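Colleague: Each chain is listed here by its residues.
2 protein chains.
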Amino acid sequence: MPETATHPAPDANTAKLYLDDLQPGQRHVTGTRTLDADAIKAFAAQFDPQPFHLDEGAASRSFFGGLAASGWHTAAITMRLMVDGLPIAGGVIGAGADITWPAPTRPGDTLQAHCEILEVKPSRSRPDRGMITMRTETRNQRGEVVQLMTTKVVVFRRPGTWGAEG
Amino acid sequence: MPETATHPAPDANTAKLYLDDLQPGQRHVTGTRTLDADAIKAFAAQFDPQPFHLDEGAASRSFFGGLAASGWHTAAITMRLMVDGLPIAGGVIGAGADITWPAPTRPGDTLQAHCEILEVKPSRSRPDRGMITMRTETRNQRGEVVQLMTTKVVVFRRPGTWGAEG
Numbered sequence: 395m396p397e398t399a400t401h402p403a404p405d406a407n408t409a410k411l412y413l414d415d416l417q418p419g420q421r422h423v424t425g426t427r428t429l430d431a432d433a434i435k436a437f438a439a440q441f442d443p444q445p446f447h448l449d450e451g452a453a454s455r456s457f458f459g460g461l462a463a464s465g466w467h468t469a470a471i472t473m474r475l476m477v478d479g480l481p482i483a484g485g486v487i488g489a490g491a492d493i494t495w496p497a498p499t500r501p502g503d504t505l506q507a508h509c510e511i512l513e514v515k516p517s518r519s520r521p522d523r524g525m526i527t528m529r530t531e532t533r534n535q536r537g538e539v540v541q542l543m544t545t546k547v548v549v550f551r552r553p554g555t556w557g558a559e560g
Numbered sequence: 395m396p397e398t399a400t401h402p403a404p405d406a407n408t409a410k411l412y413l414d415d416l417q418p419g420q421r422h423v424t425g426t427r428t429l430d431a432d433a434i435k436a437f438a439a440q441f442d443p444q445p446f447h448l449d450e451g452a453a454s455r456s457f458f459g460g461l462a463a464s465g466w467h468t469a470a471i472t473m474r475l476m477v478d479g480l481p482i483a484g485g486v487i488g489a490g491a492d493i494t495w496p497a498p499t500r501p502g503d504t505l506q507a508h509c510e511i512l513e514v515k516p517s518r519s520r521p522d523r524g525m526i527t528m529r530t531e532t533r534n535q536r537g538e539v540v541q542l543m544t545t546k547v548v549v550f551r552r553p554g555t556w557g558a559e560g
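Chains as they are written, first to last, in this note's numbering: chain A, 395 to 560; chain B, 395 to 560.
What the hints contain is simulated information worked out from the structure, not anything from laboratory work. Quick caveat: nothing in here was measured; it's all calculated off a predicted structure. Errors might be hidden in some of the hints.
Pairs involving identical chains hold if they fit within one copy or between any two copies, as the list cannot separate such chains.
Said to hold, decoys possible - Below, simulated DMTMM-like cross-link-like pairs (lysine to aspartate or glutamate); rule was C-alpha separation at most 25 Å, straight line:
no., residue 1, residue 2
1, K410, D449
2, K515, D478
3, K410, E450
4, K435, D478
5, K410, E538
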């Protein structure tokens, strides 16, 4: 095992991305994840037990006009897609997010995250790391945006590249 | 059953809050929820499978210095506390959220949400509803803020109060 999970040994880390590898405009499209009505209801029962996330009949008479996933379920699935898809060294460590849900996620939807780096900012006080700002659109199989998110993510610098600045 | 879940019959709705009942400065403290290491790992395995959310050993050598819940787990628990605690007629329908995690959620933490209404805005185009802006601090048992969130929530007006404006 490496000494720290945030700075894995190079051999465990082939093709992993460090802050030094990232720049604004870079894009990444993740894999996909499909969710069904059972998954929507299971998440809702645990974290967001409102009728429009739990029951087709009540949902059809609600604001949503049919069963819809909790926005936090869409957010959690998006995180899974990003964790599986973005080879950031040390992991995807979010400091915060600004998030909207322009359209509901429905049973049978297949979600995919489209990520774009907006900003890359080395830390002034901590030379081993920095912060990137990333815009992530979560789209369904029809290309509709069900979630739009801007996140701040902590990213480490490549070991050995920042000693002189420390 | 009422005709629409968003406008339940009055008798099903005693003490429920409509937009007309809300104003800036109102506060609400929710119930609590305690989470253990198993809950943290179960959520992470499904939605955020990174070593610092899954394994105590790896977590102790990571950025977090010990097992920490996914921020999305903290967000989901906060939603549950709000859904259980806020008697908003028609439910808690979030349009978006701005969220930061100033401190990690740890195994054994007991979370509680402290909500304050910042703004109440009737819709211009849809007289039956409006939008409130709410600030929610999720605190642990030591009073530390583990999540700070500002949300926009759709809230309906009390039936019968808005006909003249439509």
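Colleague: For each hint, tell me whether it holds in the structure or not.
Modeller: Hint-by-hint comparison with the structure:
no., hint, in the structure
1, K410 <-> D449, "between (43 Å within a copy, 21 Å between copies)"
2, K515 <-> D478, "within (24 Å within a copy, 40 Å between copies)"
3, K410 <-> E450, "between (43 Å within a copy, 23 Å between copies)"
4, K435 <-> D478, "both (24 Å within a copy, 17 Å between copies)"
5, K410 <-> E538, "neither (30 Å within a copy, 34 Å between copies)"
Going through the hint list in order, the structure does not satisfy hint 5, though it satisfies all others.
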